[in-house]
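Residue numbers (my numbering), protein chains in the order written: chain A, 1 to 155; chain B, 1 to 127.
Some clues are possibly wrong.
What the hints assert, rightly or not - Here are a few chain A residues that sit away from chain B, every Cβ distance over 12 Å (derived from the structure):
| # | residue |
| --- | --- |
| 1 | Pro-7 |
| 2 | Phe-8 |
| 3 | His-22 |
| 4 | Gln-29 |
| 5 | Thr-38 |
| 6 | Thr-39 |
| 7 | Gly-41 |
| 8 | Ser-42 |
| 9 | Val-45 |
| 10 | Gly-55 |
| 11 | Phe-72 |
| 12 | Ala-99 |
| 13 | Lys-101 |
| 14 | Gly-121 |
| 15 | Ser-136 |
Claimed, not checked - With a Cα cut of at most 25 Å, we get these calculated SDA-like pairs of lysine to any residue:
| # | chain 1 | residue 1 | chain 2 | residue 2 |
| --- | --- | --- | --- | --- |
| 16 | A | Lys-101 | A | Ser-118 |
| 17 | B | Lys-90 | A | Phe-32 |
| 18 | B | Lys-90 | A | Thr-150 |
| 19 | B | Lys-82 | A | Thr-63 |
| 20 | A | Lys-101 | A | Ala-153 |
| 21 | A | Lys-112 | B | Ala-83 |
| 22 | B | Lys-82 | A | Thr-150 |
| 23 | B | Lys-90 | A | His-143 |
| 24 | B | Lys-90 | A | Thr-96 |
| 25 | B | Lys-90 | A | Val-90 |
| 26 | B | Lys-82 | A | Ile-10 |
| 27 | A | Lys-107 | A | Thr-96 |
| 28 | B | Lys-82 | A | Val-90 |
| 29 | A | Lys-73 | B | Ala-107 |
| 30 | B | Lys-82 | A | Phe-32 |
| 31 | B | Lys-82 | A | His-143 |
| 32 | B | Lys-90 | A | Val-140 |
| 33 | B | Lys-90 | A | Thr-145 |
| 34 | B | Lys-82 | A | Asn-64 |
| 35 | A | Lys-73 | B | Ser-30 |
| 36 | B | Lys-94 | A | Ile-10 |
| 37 | B | Lys-82 | A | Gly-43 |
| 38 | A | Lys-73 | A | Glu-115 |
| 39 | A | Lys-73 | B | Lys-94 |
| 40 | A | Lys-73 | B | Val-25 |
Source of the hints: derived by calculation from the structure; they are not laboratory data. Given the structure is predicted, the values throughout are model-derived calculations rather than measurements. Glycine residues also receive a C-beta, built at the ideal position from the N, C-alpha and C atoms.
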Amino acid sequence: MMEGSNPFLIFLKKIYIMIDIHEKFFYFQETFSADTNTTIGSGDVAMYPVSSFLGFDSVAGDTNATTLNMRFKPLLRSASDSSAATADDVDLMALTVTANKQKDVIKAITDKLNEPLSRDGGFIVIADNEGADGSSSEYVSEHVTSVVVTIRAAS
Amino acid sequence: MKMLYVMAATDGAFNSNTATAPDAVCYPISRFKGLMSTDDNDFDLMFEALQSAGTDTTNDSVGTDKVSFQIDTSNNIKAAAKAIVQAINKFVGKDNGFVVLADASDANLMPSSDFSTTVTILVDEPA
């Protein structure tokens with residue numbers, strides 16, 4: 001039988017296409033900054049494709065042990081912009097977490113990352129301090145309590 | 001591969017004469033960098049630049065193209081972001097990978113009813 005007419009191979013190819021063409025996204029919303037802190041301001045919200053995710057790190061010198069950083073390829077800077085310092089080249093989502101629960105939070109986010117698309121449609125809220133009404137916060141884990149969004153300035 | 005299409009002209013015509021503001025753009029999904037708010041009713045989608053090699057330091061955002069959206073409901077950007085993700089991730093069999101993120105010539109072709117048809121495209125200057 002020719003490969004092109006093999007129903008099983010065609011089925012596998014369709015499955016591969018379905019897996020390959022979907023993308024998950026991480027959503028972050030920090031505390032309102034506009035109109036005396038009642039509405040969303042510039043840079044309060046950020047969303048990234050998972051393919052832009054660079055990784056986690058805890059913070060050296062964070063003696064409270066309550067910070068977990070998620071870093072992303074920058075929205076505004078070019079990856080090839082050699083004029084920017086390396087540390088300024090990435091966007092930073094700084095999560096405030098329960099003391100020493102960073103590992104649990106990383107596991108919770110990894111679970112979300114790998115769960116079937118049918119459960120979340122690819123839209124993963126990591127941290128939302130406000131919700132649309134300012135009082136409906138949402139976090140990926142019970143150990144996340146806040147987020148600060150830092151989008152590096154355009155160069 | 002999914003392709004993300006945006007038409008910003010309300011008349012649907014492809015006749016802009018501005019080099020950095022075409023009427024329509026279409027990017028492979030791999031060029032999508034993400035979303036950021038600009039205020040409670042506005043947000044931008046960022047893409048790797050169509051024209052720039054990323055070395056034009058006179059531009060506001062080197063190597064980055066920007067598509068700006070407006071929504072009607074204040075502070076509703078999370079729902080708007082979710083609508084965009086749903087549009088991107090809809091079953092490929094429905095569109096063969098061609099995703100209309102926005103078409104200002106037809107309000108029914110916006111991601112949700114909360115979206116205004118005021119869409120602005122700004123592409124980076126060639127390097």
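We went through each hint and held it up to the structure:
no.	hint	verdict
1	Pro-7	17 Å, holds
2	Phe-8	19 Å, holds
3	His-22	5 Å, violated
4	Gln-29	6 Å, violated
5	Thr-38	9 Å, violated
6	Thr-39	4 Å, violated
7	Gly-41	6 Å, violated
8	Ser-42	5 Å, violated
9	Val-45	4 Å, violated
10	Gly-55	16 Å, holds
11	Phe-72	7 Å, violated
12	Ala-99	28 Å, holds
13	Lys-101	25 Å, holds
14	Gly-121	6 Å, violated
15	Ser-136	10 Å, violated
16	Lys-101(A) <-> Ser-118(A)	28 Å, violated
17	Lys-90(B) <-> Phe-32(A)	31 Å, violated
18	Lys-90(B) <-> Thr-150(A)	30 Å, violated
19	Lys-82(B) <-> Thr-63(A)	36 Å, violated
20	Lys-101(A) <-> Ala-153(A)	31 Å, violated
21	Lys-112(A) <-> Ala-83(B)	19 Å, holds
22	Lys-82(B) <-> Thr-150(A)	21 Å, holds
23	Lys-90(B) <-> His-143(A)	32 Å, violated
24	Lys-90(B) <-> Thr-96(A)	33 Å, violated
25	Lys-90(B) <-> Val-90(A)	30 Å, violated
26	Lys-82(B) <-> Ile-10(A)	32 Å, violated
27	Lys-107(A) <-> Thr-96(A)	16 Å, holds
28	Lys-82(B) <-> Val-90(A)	24 Å, holds
29	Lys-73(A) <-> Ala-107(B)	33 Å, violated
30	Lys-82(B) <-> Phe-32(A)	19 Å, holds
31	Lys-82(B) <-> His-143(A)	24 Å, holds
32	Lys-90(B) <-> Val-140(A)	23 Å, holds
33	Lys-90(B) <-> Thr-145(A)	32 Å, violated
34	Lys-82(B) <-> Asn-64(A)	34 Å, violated
35	Lys-73(A) <-> Ser-30(B)	13 Å, holds
36	Lys-94(B) <-> Ile-10(A)	18 Å, holds
37	Lys-82(B) <-> Gly-43(A)	17 Å, holds
38	Lys-73(A) <-> Glu-115(A)	23 Å, holds
39	Lys-73(A) <-> Lys-94(B)	31 Å, violated
40	Lys-73(A) <-> Val-25(B)	22 Å, holds
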